[in-house]
Amino acid sequence: MCPNERDRPVGSTGPVPETTPGLGERIPRLLLAYWPLGPLVRWVARLPTSVHSKLLGAFLLIALLLIALGAMSLQSIASVARQSRLLDQARERVDASRQIEHALGLQMTFTRNALLVRDDATIESIFRENNRFRDTFDRLEAAAPPDQRETIQRLRNTQDKVMATVARIAALIREDKADEAMDLHLSEGYPLYREIATLVTRAVRNEEAGMGQLREGVETTYRRALLLTGGFAAASIVLALGLGFVISWSFILPVRQAEGFLGQIAKGDFSATIDVPNRDEFGALARQMNEMSRELHQLYDDQRRAAHQLQVLNAELEQASRAKSNFLASMSHELRTPMNAILGFTEMIRDGLYGEVPPEIQDPVSDIHTCGKQLLGLINNVLDLSKIEAGHMELALGEYVVEDVVNTVKLSLRSLAATKGLEFVTTVPPDLPLSLGDGKRIIQCLMNLAGNALKFTREGRVEIGVEIEGETLRFAVSDTGIGIPADQVENIFEEFRQADATVSRDFGGTGLGLSITRKLVELHGGRIWVESQAGKGSTFFFSIPVRVAREAAA
Amino acid sequence: MKTVLYVEDNEFNRKIVRQLLSRTSYRLIEAVDGEAGVTTTREAVPDLVIMDIQLPKLSGLEATRQLRADPATAAIPIIVITSFALGGDEEKAREAGADAYLAKPYSPRELLQMIRQLAPES
Numbered sequence: 001m002c003p004n005e006r007d008r009p010v011g012s013t014g015p016v017p018e019t020t021p022g023l024g025e026r027i028p029r030l031l032l033a034y035w036p037l038g039p040l041v042r043w044v045a046r047l048p049t050s051v052h053s054k055l056l057g058a059f060l061l062i063a064l065l066l067i068a069l070g071a072m073s074l075q076s077i078a079s080v081a082r083q084s085r086l087l088d089q090a091r092e093r094v095d096a097s098r099q100i101e102h103a104l105g106l107q108m109t110f111t112r113n114a115l116l117v118r119d120d121a122t123i124e125s126i127f128r129e130n131n132r133f134r135d136t137f138d139r140l141e142a143a144a145p146p147d148q149r150e151t152i153q154r155l156r157n158t159q160d161k162v163m164a165t166v167a168r169i170a171a172l173i174r175e176d177k178a179d180e181a182m183d184l185h186l187s188e189g190y191p192l193y194r195e196i197a198t199l200v201t202r203a204v205r206n207e208e209a210g211m212g213q214l215r216e217g218v219e220t221t222y223r224r225a226l227l228l229t230g231g232f233a234a235a236s237i238v239l240a241l242g243l244g245f246v247i248s249w250s251f252i253l254p255v256r257q258a259e260g261f262l263g264q265i266a267k268g269d270f271s272a273t274i275d276v277p278n279r280d281e282f283g284a285l286a287r288q289m290n291e292m293s294r295e296l297h298q299l300y301d302d303q304r305r306a307a308h309q310l311q312v313l314n315a316e317l318e319q320a321s322r323a324k325s326n327f328l329a330s331m332s333h334e335l336r337t338p339m340n341a342i343l344g345f346t347e348m349i350r351d352g353l354y355g356e357v358p359p360e361i362q363d364p365v366s367d368i369h370t371c372g373k374q375l376l377g378l379i380n381n382v383l384d385l386s387k388i389e390a391g392h393m394e395l396a397l398g399e400y401v402v403e404d405v406v407n408t409v410k411l412s413l414r415s416l417a418a419t420k421g422l423e424f425v426t427t428v429p430p431d432l433p434l435s436l437g438d439g440k441r442i443i444q445c446l447m448n449l450a451g452n453a454l455k456f457t458r459e460g461r462v463e464i465g466v467e468i469e470g471e472t473l474r475f476a477v478s479d480t481g482i483g484i485p486a487d488q489v490e491n492i493f494e495e496f497r498q499a500d501a502t503v504s505r506d507f508g509g510t511g512l513g514l515s516i517t518r519k520l521v522e523l524h525g526g527r528i529w530v531e532s533q534a535g536k537g538s539t540f541f542f543s544i545p546v547r548v549a550r551e552a553a554a
Numbered sequence: 001m002k003t004v005l006y007v008e009d010n011e012f013n014r015k016i017v018r019q020l021l022s023r024t025s026y027r028l029i030e031a032v033d034g035e036a037g038v039t040t041t042r043e044a045v046p047d048l049v050i051m052d053i054q055l056p057k058l059s060g061l062e063a064t065r066q067l068r069a070d071p072a073t074a075a076i077p078i079i080v081i082t083s084f085a086l087g088g089d090e091e092k093a094r095e096a097g098a099d100a101y102l103a104k105p106y107s108p109r110e111l112l113q114m115i116r117q118l119a120p121e122s
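Order-wise, the sequence lines are chains A and B.
All residue numbers for the first sequence refer to the numbering used here, where the first residue is 1 and numbers rise by one.
All residue numbers for the second sequence refer to the numbering used here, where the first residue is 1 and numbers rise by one.
Simulated from the structure, these hints should not be mistaken for laboratory data.
Just to be clear, a hint being listed does not mean it is correct.
Claimed, not checked - With a straight-line Cα cutoff of 27 angstroms, these simulated DSS-like cross-link-like pairs (lysine-lysine) come out: (1) A/Lys420 x A/Lys536; (2) B/Lys57 x A/Lys373; (3) A/Lys324 x B/Lys57.
With the sequences and hints as input, model every part of the structure.
In structure tokens form, the structure reads like this:
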């Protein structure tokens, strides 16, 4: 990592492709550039752990948050339930206190009634009511909070006193001392009732105050639970979003960089290196890509150097080829010019342009002419081969009649065959289609083959035959000559080859004819082969298309 | 009497044609390079030009082209002597404007035949 890269906003590191970003692209860029999310993304990227672990960590964190949120909600619900329960109890106690107050009122009434009516039944109802009173007290005391216990104790004590007083009043009534009973009721009973009423009122007031507090407590707990749950949920969402953003961008950024980097490489620019803060799989990938870029750069340079060298070499070769062509052209001309004079003068002498040729001169003049022609043939062969080697042999394509071609060869070689006493036959099937190719070169091929056949045959016959098979013409030149040993058939078409070194002594020739013939046949898109038996004769075949494709011969 | 111009740098070849035509009614004039060939044609306006393909100073093909381009000499028949060096010599001769071509070494008999064909003896 470059030391100064820390200063740059994360969103701008690396060669991110410069396209017009959409809204979904602009927002993350803004967030990365101006929020503390950038360093966080970098921090996550730099964590030396795998992508898998990072994702798992993020999911676990979010899961923990959800669990905590659930726990807190449960706690709030429990708290609210407890306070509600307390409230219910307080309400029960208030009810009980009210019952006491009510019972007190009844007792007062009964006591008054007893004083007025003076019978046992009424006094009994006072005691009955008093007993119910006691039950309520028990309930009240059991449920009361500690601070209320004292009030209830006092209530119970006062009630006991009331009971004692009522008992005395009842006794006085039974003894028919109504006035005394009335006095007792007014002097002791009534103040005691008043005291109980006061105590009950105080207890109710206390309970009501406690209830108010409890209600407020429930309200507060409820509000706090709501706030906490809401806050927690909001925090969870923000955290989840933030984590998602940070983690995804810690992956997206190196991928973007890689994309730009590979784009540059694809354009042949190897100057950049990819530099991501990640220490996870993406970091490893970036390292591999740098390695790959270096290798590619090396290869690219090597290849460019090689291409340049090849170009230079090509130019040199082209120049050499041009020089060779020029040399060939001028050599051809230079050799032919004196040949022209030699053959020209000889022909004119033989034609009697300089007067009648004396008989004793006729033979040597004829020899000069024959040798001149031979020399010309050799020159032509050497030049042809040079042309072929230099890649300058081109066919002059045109339409030709196979029969005419064969007849030309027959006419040229007829006298040679006759001189050697050989039978010379040509067989051309009728109705052959008009052919396309270089007629002169095909004549040259047949001349070479038939010339050889005549040369290497001492007795018997030489035959030129033509067959057509579909779109292919097959020429065959057979003889009854010396034949070619089996082990030499293979390379008979190579340059400067003759079956045997002694052959050239006996029969002459340079061994170029077959080589040139093969090249010419191949230029026509055909092939050449030989079937031979040493001592019995040979048959040379070549097959070429009836109509040579123009581009194939170019 | 018809005039024939032979443009050829080799003395022996010129001699052949000189002797070939000596027994005919043709008058032979000679030039030894391409430039001289063009100049002589313009000055003498022969009935036929025999042009060697490879000449000093100006190639036979270029000389033929120049003669064809000049209205004064455009109609004069030209025989180009090719040396059959590389493929397409004949085609090049035709493109340059030759009426006929003959490959070196030519037979004097054939050449005379061609001359008589293109510029019949009067």
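Out of the numbered hints, which ones does the structure contradict? 2
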